[in-house]
Amino acid sequence: MATPLVVSEVSKSFTMHLRDGLRLPVVANVSFSVASGECVVLGGPSGIGKSSILKMLYGNYAVDAGQILIAHKDRIIDIASADPRSVLEVRRTTLGYVSQFLRTVPRVATVDVVAEPLIARGVAAEQARERAAELLQKLNLPRDLWQLPPATFSGGEQQRVNIARSFITDHRILLLDEPTASLDAANRAVVVEMIRAKKAAGVALLGIFHDEEVREAVGDRILDVSQFSPRKIAA
Amino acid sequence: MTDTPLLKVRDVSKFYGNRIGCSNVAFDLWPGEVLAIVGESGSGKTTLLNCLSTRLMPTTGTVEYQMRDGGYRDLYHMTEAERRFLMRTDWGFVHQNPADGLRMTVSAGANVGERLMAIGDRHYGKIRETASNWLERVEINTDRIDDQPRAFSGGMRQRLQIARNLVTGPRLVFMDEPTGGLDVSVQARLLDLVRGLVNDLGLSAIVVTHDLAVARLLSHRMMVMKDGHVIEQGLTDRVLDDPREPYTQLLVSSILQV
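Chains as they are written, first to last, in this note's numbering: chain A, 1 to 235; chain F, 1 to 258.
No wet-lab data here; the hints were simulated from the structure.
From the three backbone atoms N, C-alpha and C, an ideal C-beta is built for every residue, glycine too.
Hints may contain errors.
[Said to hold, decoys possible] Some but not every residue of chain A turned toward chain F, in silico, with C-beta under 7 angstroms:
| no. | residue |
| --- | --- |
| 1 | L22 |
| 2 | N60 |
| 3 | A62 |
| 4 | A80 |
| 5 | A82 |
| 6 | R85 |
| 7 | S86 |
| 8 | L88 |
| 9 | F101 |
| 10 | L102 |
| 11 | P106 |
| 12 | R107 |
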């Protein structure tokens with residue numbers, strides 16, 4: 001089975017220059033891989049570094065040491081050392097991310113927010129919008145909201161827009177940061193079903209799920225992040 | 001993804017006597033890429049922008065631009081006429097104060113049409129039609145086409161300046177604090193408009209701003225300047241989410257949360 005994501009000996013700390021150079025170690029020696037069709041769950045208590053790992057993988061956080069290897073088209077790209085342009089190229093076609101919060105652009109309609117990643121990959125606008133509408137329908141987002149910008153939506157509505165936006169493409173790797181946190185049971189079930197479909201399609205998924213039911217339903221194995229945490233050693 | 005940069009900047013420095021304007025700046029700008037240059041007043045960001053756009057001669061360094069035929073030309077080895085032609089056709093420059101980029105006493109339509117005439121359009125009807133389309137694209141009611149920008153609000157003037165710059169299909173646009181003097185609601189509208197146009201047209205842009213929210217919304221990549229030096233650069237998300245340098249941390253931590 002293909003392994004599109006390999007993380008090798010990654011370490012990360014924050015240096016707070018405004019606090020006299022205080023150094024906060026986050027994680028050290030993170031090594032794991034995710035295979036196609038597999039959903040790996042990051043486990044461990046709050047503050048142990050789960051979200052930080054996702055942000056490093058997506059290129060939002062720099063890493064101090066180690067490699068993050070992504071199978072991108074016919075090459076392997078190390079996100080830890082890639083230039084901005086390569087990171088953006090990997091995000092556009094290979095690596096997707098469902099963040100906890102939707103960063104909205106004023107005035108852009110929901111259906112266009114969702115269609116945007118497809119259009120960025122060269123799909124015709126009309127076709128992308130149709131696909132966006134299908135996903136919004138599936139996620140039970142009321143149709144009269146589709147033409148409105150999502151800025152004023154409720155937390156659960158925004159999260160569903162976020163999920164639709166990230167699931168619309170066929171990215172081979174998906175990072176999920178609590179995708180079901182503010183959803184009701186019915187919509188959680190829809191998302192579980194969508195994650196299963198991604199697995200069946202051979203997508204490699206790595207996620208944080210605090211909801212035990214969802215974790216049981218989609219997770220293949222749990223990766224305990226405490227083992228990478230310097231806090232464990234200190235305690 | 002094309003494999004050659006649009007702009008190659010090497011070791012650009014500008015000194016004002018003994019004082020540093022900007023020092024040893026080097027980067028490549030790729031087609032379709034939006035680069036934000038951020039920093040406080042006096043950090044050298046506008047000096048750098050002016051050096052890149054040939055408005056100011058750097059003391060040392062080279063800036064090479066890929067012409068439409070694919071060849072590179074050193075901007076400072078061109079003739080003045082060639083540079084002016086580039087500025088009028090293949091480039092745009094959006095000033096903070098629209099009055100610097102517009103002709104305030106000719107009509108809105110003529111402000112847009114003038115750039116078209118510079119590239120050889122002569123048919124009055126077609127020029128007027130194109131101008132009118134562009135006014136619509138920047139959300140200015142077309143019944144204002146014969147009004148002078150003097151009679152426009154600040155936001156409208158800025159949108160008109162953008163239309164004037166984009167009408168010739170430039171490949172590279174420089175923007176100096178494009179939302180600087182505008183109130184917040186007008187800023188949001190303008191940013192959204194610029195973002196859409198940049199995406200649709202596949203433009204490359206270099207945007208100078210002191211507003212990190214503008215950088216976040218518009219740019220792919222970011223350079224942070226302090227005292228004439230680029231102290232940190234990288235993917236915009238990375239610089240803002242995980243700033244490494246003391247000064248960048250100070251900038252990011254100074255953003256007011258709404």
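So, going through the hints one by one against the coordinates:
1. L22: violated, 11 angstroms
2. N60: holds, 4 angstroms
3. A62: It holds, given that the least Cβ distance between A/A62 and chain F is near 5 angstroms, below 7 angstroms.
4. A80: It is violated, given that the least Cβ distance between A/A80 and chain F is near 11 angstroms, above 7 angstroms.
5. A82: violated, 9 angstroms
6. R85: Holds. Min distance 6 angstroms.
7. S86: Violated - the Cβ of A/S86 stays beyond 7 angstroms from chain F, reaching only about 9 angstroms at its closest.
8. L88: holds, 6 angstroms
9. F101: violated, 13 angstroms
10. L102: violated, 14 angstroms
11. P106: holds, 4 angstroms
12. R107: Holds: closest Cβ of chain F sits about 5 angstroms from A/R107, inside 7 angstroms.
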